[in-house]
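This is what each chain is made of:
2 protein chains.
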Amino acid sequence: MKAYLAGPDVFLPNALQNAAAKIAICAKYGITGRAPLNEEIEQLAALPEDEAWRVIYLKDIEMMQECDIIIANLTPFRGASADSGTLIELGWFLGQNKPVFGYSNSAEPFAARSHRHVAAIADPIPGLAVEGFGLADNLMIAGAVTYGGGLPLTLPADGITRAFDALDIFETCAATAAEKLQIKPPGF
Amino acid sequence: MKAYLAGPDVFLPNALQNAAAKIAICAKYGITGRAPLNEEIEQLAALPEDEAWRVIYLKDIEMMQECDIIIANLTPFRGASADSGTLIELGWFLGQNKPVFGYSNSAEPFAARSHRHVAAIADPIPGLAVEGFGLADNLMIAGAVTYGGGLPLTLPADGITRAFDALDIFETCAATAAEKLQIKPPGF
Numbered sequence: 353m354k355a356y357l358a359g360p361d362v363f364l365p366n367a368l369q370n371a372a373a374k375i376a377i378c379a380k381y382g383i384t385g386r387a388p389l390n391e392e393i394e395q396l397a398a399l400p401e402d403e404a405w406r407v408i409y410l411k412d413i414e415m416m417q418e419c420d421i422i423i424a425n426l427t428p429f430r431g432a433s434a435d436s437g438t439l440i441e442l443g444w445f446l447g448q449n450k451p452v453f454g455y456s457n458s459a460e461p462f463a464a465r466s467h468r469h470v471a472a473i474a475d476p477i478p479g480l481a482v483e484g485f486g487l488a489d490n491l492m493i494a495g496a497v498t499y500g501g502g503l504p505l506t507l508p509a510d511g512i513t514r515a516f517d518a519l520d521i522f523e524t525c526a527a528t529a530a531e532k533l534q535i536k537p538p539g540f
Numbered sequence: 353m354k355a356y357l358a359g360p361d362v363f364l365p366n367a368l369q370n371a372a373a374k375i376a377i378c379a380k381y382g383i384t385g386r387a388p389l390n391e392e393i394e395q396l397a398a399l400p401e402d403e404a405w406r407v408i409y410l411k412d413i414e415m416m417q418e419c420d421i422i423i424a425n426l427t428p429f430r431g432a433s434a435d436s437g438t439l440i441e442l443g444w445f446l447g448q449n450k451p452v453f454g455y456s457n458s459a460e461p462f463a464a465r466s467h468r469h470v471a472a473i474a475d476p477i478p479g480l481a482v483e484g485f486g487l488a489d490n491l492m493i494a495g496a497v498t499y500g501g502g503l504p505l506t507l508p509a510d511g512i513t514r515a516f517d518a519l520d521i522f523e524t525c526a527a528t529a530a531e532k533l534q535i536k537p538p539g540f
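Protein chains in written order, with our numbering: chain A, 353 to 540; chain B, 353 to 540.
If we strip away everything but chain A, and leave its shape as in the complex, we get (with noise of 0.2 Å):
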């Protein structure tokens, strides 16, 4: 069983040894995971901009077509809602109609987040509606994960939001997703 390892993960400083921690974690609950890290980025600098991304997206969906599931770090990023690269490839495995599960880092609800960004850089348009819901994300992400995987989005259970490179979040979320697809851990 392999999973796309989707999230805003590649933009750290330290991509790389991440991608490897997260590989070991799902290893441990029988998984494969697979990051759509970009390690041939030195041969990516010589290609002119307009080539470049293009050779990302063309590899990035490759390994999404060779991957069964999605597991996709949904903690905000540089707005009230998580990465936009994560969600063009949430909303495609939904699609696909492969298992999609998802976790975030942040215990703060939607509703609160996008009321401090509306307040912190106004909205364009005064009286544009904030959703509310409870939820943890806009509710097309919340469905996304919740219909298309059967668990609800994965967070943190003591209502602590973690550090934005913190694992035990994702740990949860690859043990659950192992648990509801019934994969056997290594040894059984």
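Honestly, I wouldn't trust all of these hints.
[Unchecked claim] List of simulated lysine to aspartate or glutamate pairs, DMTMM-like, C-alpha gap at most 25 Å:
#, chain 1, residue 1, chain 2, residue 2
1, B, K450, A, D420
2, B, K532, A, E391
3, B, K450, A, E414
[Said to hold, decoys possible] Computed footprint of chain B on chain A; a stretch qualifies when at least three of its residues, placed anywhere within it, have a C-beta under 8 Å from a C-beta of chain B:
#, stretch
4, 379-391
5, 399-411
6, 459-471
7, 478-490
8, 502-513
9, 531-538
These aren't lab readings, by the way, just hints derived from the structure by calculation.
Since this is a predicted model, take the numbers as computed values, not measurements.
The beta carbon of each residue, even a glycine, is placed where N, CA and C say it ideally should be.
Use these hints to put chain B onto chain A, whose structure you have.
Using the frame of chain A, we list chain B on its own:
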């Protein structure tokens, strides 16, 4: 040809009028526009929060299944990127191999917005990379639209950012989508 009219337009104070205007524009080009409004909002208000969002999610997914293409409003919304729910929907259409079209009323590159966001609301981890490539948004969005619909993201050709609810860029997007799909306008 039915088009799912995705976007944060649903949060506009005049969402109903906005949807009607978009549907009228689509009709000019032989496209049947469908907008994911929450017309049954009074009934929804009577539901507990945890039921209301599920009703909306399942209704939107059903409308997406009934549509042949998506025309997504990818104007930045409460963050550096497009609206999160819209991105799930865009990814879903890509995963379903249904043609994907999108536009943004912003003429500003993604990297400029990201840098401004990092300056205004510090990133949670120092050294998180900012994606470049001279694109209008995250490369997965650019790729979904470019490769999923065969046209680049429709942007203000004059380089002037439009109001959040302006519809001229949407009209250009609908017109070029109709041309790409060889849809005959009414009367032909």
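Hint check:
no. : hint            : result
1   : K450/B / D420/A : holds, 21 Å
2   : K532/B / E391/A : violated, 36 Å
3   : K450/B / E414/A : holds, 18 Å
4   : 379-391         : violated (count 0)
5   : 399-411         : holds (count 8)
6   : 459-471         : holds (count 3)
7   : 478-490         : holds (count 12)
8   : 502-513         : violated (count 0)
9   : 531-538         : violated (count 0)
Hints 2, 4, 8 and 9 from the list above are not met by this structure, while the remaining hints are.
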